[in-house]
Structures are given as C-alpha cells and as structure tokens.
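Chain residues, written in single-letter form:
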Amino acid sequence: MSGETSSSLASPAAVAVPFKPPVVRRGLSAIVINHPTFVVGLAILTVVFVLALTADILYPGDPMDMVGPPLLWPFQDMEYPLGTDSLGRDVAAGLVYGARVSLIIGFSAASIGLLIGTLVGAIGGFFGGLIDNALARLTELFQTVPTFLLVIVIVAIGEPSLPVMALAIGIASWPTIARLVRAQFRSLRQQDFVMAARSLGYSNTRIIFMEILPNALPPVVVTASVMVAGAILTETGLSFLNMGDPNLVSWGSMIGGGREMLRTAWYLTALPGIATALTVLALNLIGDGLNEIFNPRMRQR
Amino acid sequence: MTAPASSAPARSEPHAGNRLLDVRDLCVAFPGHLAVRGISFHIDRGETLALVGESGCGKSATSLAVMRLLPPGARIAGAVTFDGIDLVQANERTLRDLRGKRMGLILQEPMTSLNPVLTIGDQIAENLMRHEKLTRAQARARTVELLDLVRIPDPARRYDDYPHNMSGGMRQRVMIAMAVACNPQLLIADEPTTALDVTLQSEVLELLDSLRRQLDMALLLITHDLGVVAQWADRVAVMYAGNIVEKAGAHALFENPAHPYSRGLMGSTLRLEGGGHYTSQRLTEIPGTVASALHEPGCNFAPRCALATADCRIAPPPLRPFEGRQVACPVVTQPSKEADRVAAGR
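Protein chains in written order, with this note's numbering: chain X, -6 to 294; chain L, 37 to 382.
Treat the hints with care, as some may be off.
[Unchecked claim] Under 10 Å between C-beta atoms, here's a sample of chain L residues computed to sit facing chain X:
| id | residue |
| --- | --- |
| 1 | Leu100 |
| 2 | Met103 |
| 3 | Leu143 |
| 4 | Leu170 |
| 5 | Thr171 |
| 6 | Met202 |
| 7 | Ser203 |
| 8 | Gly205 |
| 9 | Met214 |
| 10 | Leu343 |
[Stated by the list, open to error] Here are a few chain X residues that sit away from chain L, every Cβ distance over 12 Å (derived from the structure):
| id | residue |
| --- | --- |
| 11 | Ile37 |
| 12 | Phe100 |
| 13 | Phe135 |
| 14 | Ile150 |
| 15 | Leu160 |
| 16 | Ile164 |
| 17 | Ser192 |
| 18 | Asn197 |
| 19 | Arg199 |
| 20 | Met203 |
| 21 | Glu204 |
| 22 | Leu206 |
| 23 | Met254 |
[What the hints assert, rightly or not] One-sided and incomplete, this derived list gives chain L residues near chain X with beta-carbon spacing under 8 Å:
| id | residue |
| --- | --- |
| 24 | Thr130 |
| 25 | Gly136 |
| 26 | Lys137 |
| 27 | Leu141 |
| 28 | Glu145 |
| 29 | Thr148 |
| 30 | Leu150 |
| 31 | Asn151 |
| 32 | Asn163 |
| 33 | Met165 |
| 34 | Ala192 |
| 35 | Asp196 |
| 36 | Leu243 |
| 37 | Leu262 |
Just so you know, the hints here were simulated from the structure itself, not pulled from any lab data. Glycine included, each C-beta is placed from N, C-alpha and C at the ideal position.
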C-alpha cells in the first residue's frame, strides 16, 4: 500500500498533470450554481408575487362575485381552469387575490415583529444590567401567551382588517427575534472589534447598528423568513376560523369555505392549501439560502 | 542616595509644554480586585514609553483607563491629563471626540479586532468620515493612502477585502492604519506583536516606530517582551502587581536594572552574547507568582525577593530617585553593600 503511494508520487505522469486553479465565481452566477434551493424558493415566491401584483389585470372585478355554475372541477371548463366553488366563484381568481392578502400580511407582520424584536433585543443585549433585565422579563411575558391566542384576542378587540391583523401577528411574534438578537448581542459586545470601535470614538448607537447588528444578522434573516411564513400561516388560520377580513378573499377563508365539501369537492381545500404550503416552503428555502449567501465566511466555498 | 546627586539628570525633568500625557496616582479597581495601585508616569510628545510587566500586573488596565474604555464595573481614581484635558472628569462626548482622533489604540489580537462583516477599507474610511468629516470618496482616497502607508501591497484593490481574506500580520497593519488614520498625538499599542509570528514582530514594530516619527506621535508601548523594549522604547516603566517599581531610560535599564524585580526580568531572558540556550543553561526564574503579592502590606515583591528585609514587609516603598532613574526599593537605593555591589557591577 505504502509502496503504491510512493510510486504514484514519483511517477512522471503525476507531475505532468497541469495544475488547474479552481474557478472562483462571483456575483449572480455563483448564487445560481452554489445555492439551487435558494433559486427555487426565489422562483416560487416571485411567481406568487407576480400573480398577486397582476391580480387586477388577470381577473378584473371582485373575486367574491358569482361568475359561473357552482362546483365546476378544475379543467372541466377552460374558462375557469381551476374550477368554481359552491357559490360559483372562480377558484383561480380567489387564489390570486388571496396571494395578495397573504403576502401583505406576511411581510408587514414580519416587519413589525422584526422592528420591535431587534430594538428590544439589541438594547437589552448591548447595555445589559437593569435595562436588559426589564426587557427580558417583558419578552418572557409575551412568550408565555400562546401566539395564536394573542392574535385572536387582539383581532377580536380591534376589527378584522389587514392592518390590525398585521399588527396583532407582529406583536405576537417579536419575542423570538428579541431573544435571538439579545443572545447575539451579548456575545458580540465582548468581541475585540467592539472595543476597537469604542477606541475610535464611535457612539453606542453607531456600534449597535453599524458594527454589531450586521454581525448578528444571519440568524435573524433566517428567522425573519420563517416569520413571514408563520405570519402567512397565522393569517390563514384566522381566516379559516372566519376571523379574517370578511370583505377579502384569503387562502384561509377558501379552505374554511371548502371544508364542508371535503369529500365531494376536495380540490376546494387542496388548491389553497397547496398555494399556502408552496409559499411557506419557498420562504424557508430563501431563508436558508440567504443565510449562506450573507455570511461572508461561507462565500468562498 | 549615595549615588552622586548629579546622576539625576535632566532627562526626567520634562519641558512643561512638551508634555502630552500626565498620569498621577492612577488607581483602577475592578469589583473585588485592585488592578492598578496608584501609578504615575508621563509621556512627552513624540516619545516612546514602554510599560513592561508580566501578565496581570495592570498594564492593560492602565492603557484602558487612559482611554477611559474600562468596562462599566471598573472605577478609576487619580488624575489623567491629556494635552491639558482632564480625562477622568471628561464627559462621554468629549472622550468620544478624543478617541480615534487624538488618541489611537491598537489591540493585541489582530484576528478578532476587525469587524468580520465589513470590508477593511470601509472600516478605516468610517473613522475618517466620523472624525475628519470627509465625504465617502475622500475617505476612500485617504484610506488607500493609509493602506499604502502601512505597507499593504496593492492597497486600492485590498480596500474591498474582508478581514478573513487577510493574514494576521496584514490585519495588524490594517488595525494600525485605523488607529493612525486621523493623525493621533498618542498611540497606545497594547501588546501589538504578541499574537504575531516572530518574523512579523520586528516588521510591525519597525512600522510603528517609523509611523511615530512620520506622524509625530507619542507611543505608549505595552509589552512583556523585553527585546521589544530594548530596541524601540525611549523610556521604560516596569510594573509589578499594579505598581510601577522602576522608571528608567531604556538603555540604563538594560545595562543595569536596579529594582530586584527588573533584575529578575532581565535574568529570565536569553542573551545571545552568553551563548546560552535553554537546553544547555538553565534560565534564572523569579520564584513564586504574582498572586502571592496581592495581600502584602509592604512591598508587593517582598515575598519573591531575595533582598527583602523585615522593613520591606511593613509599608509599600515609594519611588525614589536613584542613579538617574526612579526605583521603588529601599534596599537597593540604600547606602549599603548591596547598592555598592550594583554600582560596581556597572
């Protein structure tokens, strides 16, 4: 065995093989090649986005209007490619308008949660002491209440409109981010580069947002994309329970409406269900991909 | 004090206008631990003072106290005056304007002292935009100059590199570029070469020294490496367990260390001319550890000192002028056999 190795090392053929430096790709092509799942996730989400944006053009008029005979199966009548529900409403139109609701809720709720959570976590983790104690107790207080219950209570107190739902989901979901950001800040604030930043005369605000936050971001980005997915699911759940905005078609309300005909017309629940699952999956794939891409230490691999 | 009074020369007498940093009776206390116990030293403009001592003797605490960068639990007492500004009383805003602009700090560990997610160029440029109010383009141009000044090859291209693209020596150069970006009057280098390969150490120190001369900075060099001191410092303050035990010119200290601790330090380095190698010749060591000094009422070094007398253990000895330097040891500075022996050995 050892003789074999030494002979192969000594053989001139091995020496003659020219050294080929590995091709280091940069920019977009590197992302496409190195992170295929990210690209798939982005593609799905882009399709959902485009459909949501062009809903008015694709299906002018109210998606709640009765347009055809009830309970048409998909592909039965090509004018309604995904069929109609028990009231003769176009399922495809509902899905497209529902995408709009889901995305608006998902992104605005996650932004609200992200904003509150990042601020609370960063301030608590960076300063420590009494402030941190108070903020950590506040975070725990919010975490003890089940998320979905809190959302239902807030929506029940307010009105079932998009802004209220987004705010409710945001308020219910920030503790996750706060705890994550706090943990990151607690370990990062002791790093030498923070001391170096201090020695250059930077203010606390500058150190928090310009020096530490970018370092704390990768796990936050991943969690944020999962938060968008969670917000979409929560909204779907609310609408399923008829607690959503009654004037808007949403995937949740479509599933809820189709539930009674699960055995005769299962496509009424399956289609919005598939739409929800695909969107949530896409967001999770994007989260993972972003984590890999944003982390400069992994960029070269 | 038998040593001729004339041997207390003018070098310890500062020119009043030339004094940059004046530290008097500085104490630094961490919760449950007194790290620095009333030390006084000064640095004139453009000179290099080395603060020498073993780990845990309060060197770094001193440097952080001067920058007022100690962690929140630490308290300081005494007076620190930087170019006429009282740093102990100064508010946070004044301090922030001083740090990075008029005093720079270089940390020991180049691998972790740079922000890993920002390009090195942006990190230097940020400092320039903050203190010199440069625009982004101006700061970029100046940063490239600075990278060139610290001898980073191909600086314009290196601007957009991340710290992980660079070696330890390069990163320490970047740290130096950051610290000197705004032409500070005082540069504090806290063990700048400890984490570097031996081959890089002299390069980095040579760079610091040439920058000191080019930019007319004063340098506070904190180190435990006596070789560094001998070559690059003008004056040396030897610290032991939170006290300064000897202040002397670098050459004087090396030719003839006075304090027993300084002698011990010199004794525990290998000397080339002796032909010594640790395999053939045992290095002298200082018996005991610093920990044994912590609750000593008298001289901190007494438990480890071969010359200690009963008097040494009663009260801490003050620094006294002796042979053109200042030494905190009554035994050595006494008109006694021991002092004669030292004088004869010179």
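Broken hints, by number: Checked against the structure, the hints that fail are numbers 4, 5, 6, 7, 8, 10, 17, 18, 19, 20, 21, 22, 24, 33, 34, 35, 36 and 37, while the rest are satisfied.
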